[in-house]
Amino acid sequence: MRKNRFPLLMTILVFGYAFLYGPILSLIIYSFNESRLVTVWGGWSTKWYGELLQNQAILDAAALSLKIAAISATFAVILGTLAALALVRFKRFKGRYLLDIMVAAPLVMPEVILGLSLLLLFVAMEDVLGWPDGRGQTTIVIAHMTFAMAYVTVVVRSRIAHLDQSLEEAAMDLGAKPLKVFFSITLPIIAPALMAGWLLAFTLSLDDLVVASFVSGPGATTLPMVVYSSVRLGVSPQINALATLIVVLVTIAVAIAGYVMYRQEKLRQLEMNSK
Amino acid sequence: MITWIKQINWGKTAIIGTPWLWLSLFFLLPFLFILKISLSEAALMQPPYLPFIRGVEDGLVTIAINLSNYSLVFEDPLYVNALINSIEIAGVSTVLALIIGYPMAYAIAKAPQHWRLPLLMLIILPFWTSFLIRVYAWIGILKNNGLINNSLMSLGVIDQPLEILYTPTAVYIGIVYSYLPFVILPLYATLIRMDDSLLEAASDLGCKPWKQFLTITLPLSMPGIVAGGMLVFIPVMGEFVIPDLLGGPNSLMLGKLMWTEFFSNKDWPVASALAAVLLLVLIVPFVLWQHYERRQEENAE
Numbered sequence: 001m002r003k004n005r006f007p008l009l010m011t012i013l014v015f016g017y018a019f020l021y022g023p024i025l026s027l028i029i030y031s032f033n034e035s036r037l038v039t040v041w042g043g044w045s046t047k048w049y050g051e052l053l054q055n056q057a058i059l060d061a062a063a064l065s066l067k068i069a070a071i072s073a074t075f076a077v078i079l080g081t082l083a084a085l086a087l088v089r090f091k092r093f094k095g096r097y098l099l100d101i102m103v104a105a106p107l108v109m110p111e112v113i114l115g116l117s118l119l120l121l122f123v124a125m126e127d128v129l130g131w132p133d134g135r136g137q138t139t140i141v142i143a144h145m146t147f148a149m150a151y152v153t154v155v156v157r158s159r160i161a162h163l164d165q166s167l168e169e170a171a172m173d174l175g176a177k178p179l180k181v182f183f184s185i186t187l188p189i190i191a192p193a194l195m196a197g198w199l200l201a202f203t204l205s206l207d208d209l210v211v212a213s214f215v216s217g218p219g220a221t222t223l224p225m226v227v228y229s230s231v232r233l234g235v236s237p238q239i240n241a242l243a244t245l246i247v248v249l250v251t252i253a254v255a256i257a258g259y260v261m262y263r264q265e266k267l268r269q270l271e272m273n274s275k
Numbered sequence: 001m002i003t004w005i006k007q008i009n010w011g012k013t014a015i016i017g018t019p020w021l022w023l024s025l026f027f028l029l030p031f032l033f034i035l036k037i038s039l040s041e042a043a044l045m046q047p048p049y050l051p052f053i054r055g056v057e058d059g060l061v062t063i064a065i066n067l068s069n070y071s072l073v074f075e076d077p078l079y080v081n082a083l084i085n086s087i088e089i090a091g092v093s094t095v096l097a098l099i100i101g102y103p104m105a106y107a108i109a110k111a112p113q114h115w116r117l118p119l120l121m122l123i124i125l126p127f128w129t130s131f132l133i134r135v136y137a138w139i140g141i142l143k144n145n146g147l148i149n150n151s152l153m154s155l156g157v158i159d160q161p162l163e164i165l166y167t168p169t170a171v172y173i174g175i176v177y178s179y180l181p182f183v184i185l186p187l188y189a190t191l192i193r194m195d196d197s198l199l200e201a202a203s204d205l206g207c208k209p210w211k212q213f214l215t216i217t218l219p220l221s222m223p224g225i226v227a228g229g230m231l232v233f234i235p236v237m238g239e240f241v242i243p244d245l246l247g248g249p250n251s252l253m254l255g256k257l258m259w260t261e262f263f264s265n266k267d268w269p270v271a272s273a274l275a276a277v278l279l280l281v282l283i284v285p286f287v288l289w290q291h292y293e294r295r296q297e298e299n300a301e
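These protein sequence lines map, in sequence, to chains A and B. The numbering of the first sequence is our numbering, which starts it at 1 and goes up by one. The numbering of the second sequence is our numbering, which starts it at 1 and goes up by one.
If you are wondering where the hints come from, they were derived from the structure by calculation, not from laboratory data. One should not assume that every hint holds.
[Stated by the list, open to error] Once the Cα atoms are required to be at most 27 Å apart in a straight line, the calculated DSS-like pairs of lysine-lysine come out as:
#	chain 1	residue 1	chain 2	residue 2
1	A	LYS180	A	LYS91
2	A	LYS94	B	LYS12
3	B	LYS12	A	LYS91
4	A	LYS266	B	LYS211
5	B	LYS208	B	LYS110
6	B	LYS12	B	LYS110
7	A	LYS177	B	LYS12
8	A	LYS266	A	LYS180
9	B	LYS266	B	LYS36
10	B	LYS12	A	LYS180
11	A	LYS177	A	LYS47
Here chain B stands alone, though its shape is the one from the complex (with noise of 0.2 Å):
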C-alpha cells in the first residue's frame, strides 16, 4: 500500500523531524535543566544559582555538584511530610474520582444509544469552562456563609456553620469535582466496547446481576479503570490551584511547595529538586499507564 505520504522525499523527514524536534527542544530538554539546577548551588544573583564549572585553576576544571537539595528534599520533615501529603491527597481523590465516576459512566454506557452521545457531551461541557473558575464557585458553596451553611442553617438542620471552606474536605471536593470528567471518559470507552453476550450466558448459567458486575463488568473495565485513575492521581501529585484556593495550611502539597521555594524564596535548585523528586514519583504510574494504553489500543486492533 502506498500513500500520497509515502512519495514526497523530504515529506517523512520533515512530518517526523518538526514534532520530534520541537517535543525535544520544549518538553525534553527543559527537564535536563531541571536536573541540573537541582544539582546547583542557591546564590543571590540573577539567575539565582551558580555555575557547574568554577573557572579553571591550575589547568584543573573545578566541577561542582552539590547533592545538599536532595538531602533537604528527603530530610526535611516539611518536604517529606508535602510528598506524603501529595500522595494521600492524590491517592484518596483517585478512588473518589472512580466511585463517583463509575457509576455515571456506567449508567451512560447502558443509556438508549441516542441519549449517549449528548449525556457524553454534558460531561465534557464544564471541562471546556474555565478551571480557575470552577474550583472559585466551591468558595462560593463552601464558605461559612456560603451556600451550603445557609441553606443547612435556613432549614434548622444546624445552628453553627460547618467548617469545610480551607479544611481538606474541600480540597477533595475541588479535586473531584475538577478531574471527574477525566475518569468518565475512559470508563465509558471500555464499558461501551464490552461485549454484553458475556453477561447473558452469565444470567442464562443463574448468576446473579451482583455477581455478574463483580466478576465479569468490573474486572474487564480494569483498563478504563487505569487509565481513569492515572489521569487524575498524576495530575493532582503536582496540583497547585486547588489547595491554594480551597484548603488551609494544613494541605501542604509539593506543587504548591515549588510554587513557594520558587517565587517566594527563590531557592531555584530547592525547587528544581522538588520537582525531579516529584517526576520520579510520576514515572513509574505514568509507564503503567502507558502500558494499559498500548494494551487496550491492541486489543482494540
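Pulled out of the complex, with its shape left as it was, chain A reads as follows (with noise of 0.2 Å):
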C-alpha cells in the first residue's frame, strides 16, 4: 500500500513546488532579458543590473532599509528573548494571560491595522509629549520591533522549553551566580535561536511595506516604498533585476544560517552522547 502512494504523493509534491518556485524563476530569468518589454525575450543581457545600481533612489532606500532593519531586529530579539523567558520560566504571574496574547497577536493581526494604530499612537504622542519628533527612522523601528518581537518569542520559546535545565542547576550548584549562568550556559544553549529569530525579524522589517508607510514620514522611504510606487507604474526591468538580488542574497543567508544551525546541533548531539 505505501508503495503505491509514494507517485501520487511526489506529484503533488513536485506541482506544489512548482507553483511556489514558478514566479521566483521567471523574475530571475526575465531580469536578464535584454528587452525593455518584460514579457517579450530579446536576448541574455545584465543591462538593468548596471542601471540598478546607478539608480540613487533605490541604493538610498536601500541602505536606509538595512539600518532600520538591522537595529529593530536587534531590539526585537532581546524584547523577544524576555517575553519567551517571561513565558516558559514563570508560569503564573499577574498579566501573564494577557502577555501571552499580546505575543501571539501581532503575528496574525492584519498590518494596515498595526500601522494605522501606531501612527495614531505616534501622534497623540507627539502632541502631549513632543517626542517623538515627526515620523521616520525612529518611528519605523518602534514599530518594526513591536512585531518582530513576536516572531522573536515564537521561535525562542519552544528553544527555552526544550532546554535541559539540569545544565543551569549544575553550574549553581557549584556556585555561579544567576547573571553567569545565563550568560556562560543558557544563552550559548539558545544562541542559534537567537540568531534564526534576528533573522527573522530582519527579513521581516526588510520586507514590510504598509506598517512602514504608515509611520513614515516625508524624509523616511524605505526600498519597498520605492519598489511598490514603481511597480504601480507599470513593470520594470529594474525591479527584476533588485528581486533577483535580493532572492539570491536571501538564499546565501539563509544557507548559512541553516549550515551553522545544523553543524551546531550535530556538535550538541555527539557531545551529549560522548556523555
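Mind assembling these two chains? They're in different frames, but the hints should get you there.
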C-alpha cells in the first residue's frame, strides 16, 4: 500500500514546489532579458543590473532599509527573548494571559491595523509629550520591533522550553551567580534560536511595506516603498534585477544560517552522546 | 526546582515587565487610540479630527462623542460591500490554501525522514524572500501579454488572451501563493505527531484507505487545519497589497478602503472606524485560534 501511494505524493510535491518556485524563477530569468518589454525575450543581458546600480533612489532606500532592519531586529531579539523567558520560566504571574495574547496577536494582526494604530499613537504622543518629533526612522524602528518581537518570541520560546535545565542547575550548585549562569550556559545554548529569530526579524523589517508607509514621514523612504511605487507605475526590468539580487542574497543567508544551525545541532548531539 | 532566573530579585520584574510594558505601550494602547479617534469628528486641521473635550463653558465640560462614523460604515453600501467582499475573499482563499496545502503537508509528513527537513526548508525559503516581489512576479505571469497568455497563444490553445490580471482570480492566486507556507507548516506539525498505529489497526480491521483518511487522519488533523486556516483568514481580511496590485476595481477590500480613507481622503475618523470594525470581526476567529493552540499545547505536554 505504501509503495502505491508514493508516486501520487511525489506528483503532489512536484506540482506544489513548481507553484512556489515558478514565479520566482521567471523573475530571475527575465531580469537578464535584453528587451525593455518585460515579457518579450530579447536575448541575454545584464544591463538592468547596471542601471539598477546607478539608481540613487533605490540605493538610498536600500541603505535605509538595511539600517532600520538591523537596529529593529537587534532590539526585537532582546525583547522577544525576555518575553519567551517570562512565558516559559514563570508559570504564574499577574498579566501572563495578557502577555501571551499580546505576543501572539501581532503574528496575525492585519498590517493596516497595526500601521494605522501606531501612527495614531505617535501623533498623540507628539501632541502630548513632544516626542517623537515627526515621523521617520525612529518610528519605523519602534513599529518593526513591536511586530518582529512576536516572531522572535515564538522561535526562542520553543528552544527555551526544550532546554535541559540540569546544566543550569549544575552550574548553580557549583556556585555560579545567576547572571553568570545566563551568559555562560543559557545564552550559548539558545544562541541558534536567537540567530534564527534575528534573521527572521531582519527579513520581516526589510520586507515590510504597509506598516512602514503608515509610520514614516516624508524624509524616510524604505526599499519596499520605492519598489511599490515603481511597480504601480508598471512592470520595470530594473525591479526584476533588484528582485533577483534579493532572492540570491536571502538564499545565501538562509543557507549559511541553516548550515551553522545544523553544525551546532550535530555538535551538541555528539557531546550529549559522548557523555 | 530552582533556576538561575528565580535567584535574581529584580530579575523577575525586569524580565516580565519589559516586554509587558513595551507591548502595552506600542500594541495595546494604540488600539485605544483607534477607538477614540473613530468616535471623533473629522476636521480640516492637523491632526484631522476634533478633540472630545470641547472646552469648559459655564462650568460644564462638553464631551462630544460622535457615532456617525460607525453608522456610515454600516449603512453606506461602499463599506458594507467591502466588508462582505473581504470576508468572501478571505474565506475562499483560506479554503483554497487548505485544499492545496493539505496534500503537500501530508506528502512531506509521509516522506522518508531524511527528506523532511530539506522539503520543509524549501517551503519556508520563499517566505524569506520579499513578499512584495513575489506578488509582483505574478503580474508578469498573468498579464495579457504575460507568460501564461503568451505560452497558451503560441501553443494555439487560445487566440485571444485570457483576462486574468485585475480580476478576482488573480487576487485568489496571489493570496493562496503568498500564504501557502502558513497552512503547510501547522498542518505538517499535526500530521507528523499522529500515531500511525491507529491507521494500522484500522487497516487490519479492513478499513479502506480513503475511509481511514476521512475517519482518522482528517479529524485528528483538525487543530492543524484550524491553526493554518486562521493564519490565512485573519491577515487576509486586512490584506492591502495583493488586491491593490493584482485585483481590479471590483476587488475592493477593507484594507484598501482604510488606506484610501486615510491617505487619499484624509478622513482619519472613518479610517479608524473601519479598523475598529475589522478588529471586531477578527476577534472571534483569533480567540478560536488561541483556544485551539492552547489545546494543542496541552495535548503535546
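**Item:** Numbered hints the structure breaks, given as an ascending list
**Value:** 4, 6, 11
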